[in-house]
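Protein chains: 2
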Amino acid sequence: MEFNEIAQTSLLYDFYGQLLTERQREVMELYHEENLTLSEIADEFSISRQGVHDTLKTAEKALQRYEEKLGLVSRFQESRQAIGKIDREIDGLAAECTDKRTAEKLRKIKEIIDSLDQ
Amino acid sequence: MEFNEIAQTSLLYDFYGQLLTERQREVMELYHEENLTLSEIADEFSISRQGVHDTLKTAEKALQRYEEKLGLVSRFQESRQAIGKIDREIDGLAAECTDKRTAEKLRKIKEIIDSLDQ
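Residue numbers (my numbering), protein chains in the order written: chain A, 2 to 119; chain B, 2 to 119.
Pulled out of the complex, with its shape left as it was, chain A reads as follows (with noise of 0.2 Å):
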């Protein structure tokens, strides 16, 4: 996989992850966030490394199906770009401020920005 793909992954893992079963989810965090190789997992679950490579690929299938049902991970990006955004114009704003008032209600739209679970 290449890195987008492996980030787009992770990031459908991070969305629907708990919707998958219990095993699909031990073997994706096994081999995407563990680093696992495909017949580490199989000696791990005793089962062989074609059926390690299926469950993944199960997995991931099912993922991106609750993703075209639901679209939700494409509407989370959406609304971090629209944040990234808003973001940078006020570094923008902050970096040509000379007003201190303004400069410190600059600073705590930064706090709000950087508290959101993105």
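Mixed in with the good hints, there may be bad ones.
Heads up, the list lumps identical chains together, so a pair's fine if it works in one copy or across two of them.
[As the list claims (entries may be wrong)] With a Cα cut of at most 20 Å, we get these calculated PhoX-like pairs of lysine-lysine: (1) 101 / 111; (2) 70 / 58; (3) 58 / 86; (4) 70 / 106; (5) 109 / 58; (6) 86 / 109.
These are computed hints drawn from the structure, not numbers from a lab.
Knowing the structure of chain A, use the given hints to seat chain B on it.
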């Protein structure tokens, strides 16, 4: 249902409705969007009033379970609250602002906020 409960059900439906069965979605839309009564929906599908009631309750519980598992509505609401705060801060700055260029930038930020699919 109280107003808050109805609003919450509507938000849950907006997020997870596509995971319900077609029949559940039809009944929920007739009840919550078209404002038909249970009896009217019962006539529509040639089922009992109790059947409609049960379908609605089952669907609502399914939506609540999705939210318990995924928490995406809650994540979205937090983000919306934060953006509301930013919006009010920007309004405060704009009200005090005398510099034309700053005012233009603030207007741009308001545009981005308004464009957000919330």
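Hints, one by one, checked against the model:
1. In this assembly of identical chains, the alpha carbons of residue 101 and residue 111 lie at most 20 Å apart only when taken from the same copy (15 Å versus 22 Å across copies).
2. For the identical chains of this complex, residue 70 and residue 58 are intra-copy neighbours only, at 18 Å inside a copy versus 22 Å across copies, given an alpha-carbon limit of 20 Å.
3. Taking the closest pair of Cα atoms, residue 58 and residue 86 never come within 20 Å of each other, the shortest separation being 35 Å inside a single copy and 42 Å across copies.
4. Proximity of residue 70 to residue 106 under the C-alpha cut-off of 20 Å is found in neither arrangement, the shortest distances being 40 Å within a copy and 37 Å between copies.
5. Taking identical chains as interchangeable, the C-alpha atoms of residue 109 and residue 58 are never at most 20 Å apart, the minima being 44 Å within one chain and 43 Å between chains.
6. Taking CA atoms no more than 20 Å apart as the test, residue 86 paired with residue 109 passes in both settings, with 17 Å inside one copy and 10 Å between copies.
Going through the hint list in order, the structure does not satisfy hints 3, 4, 5.
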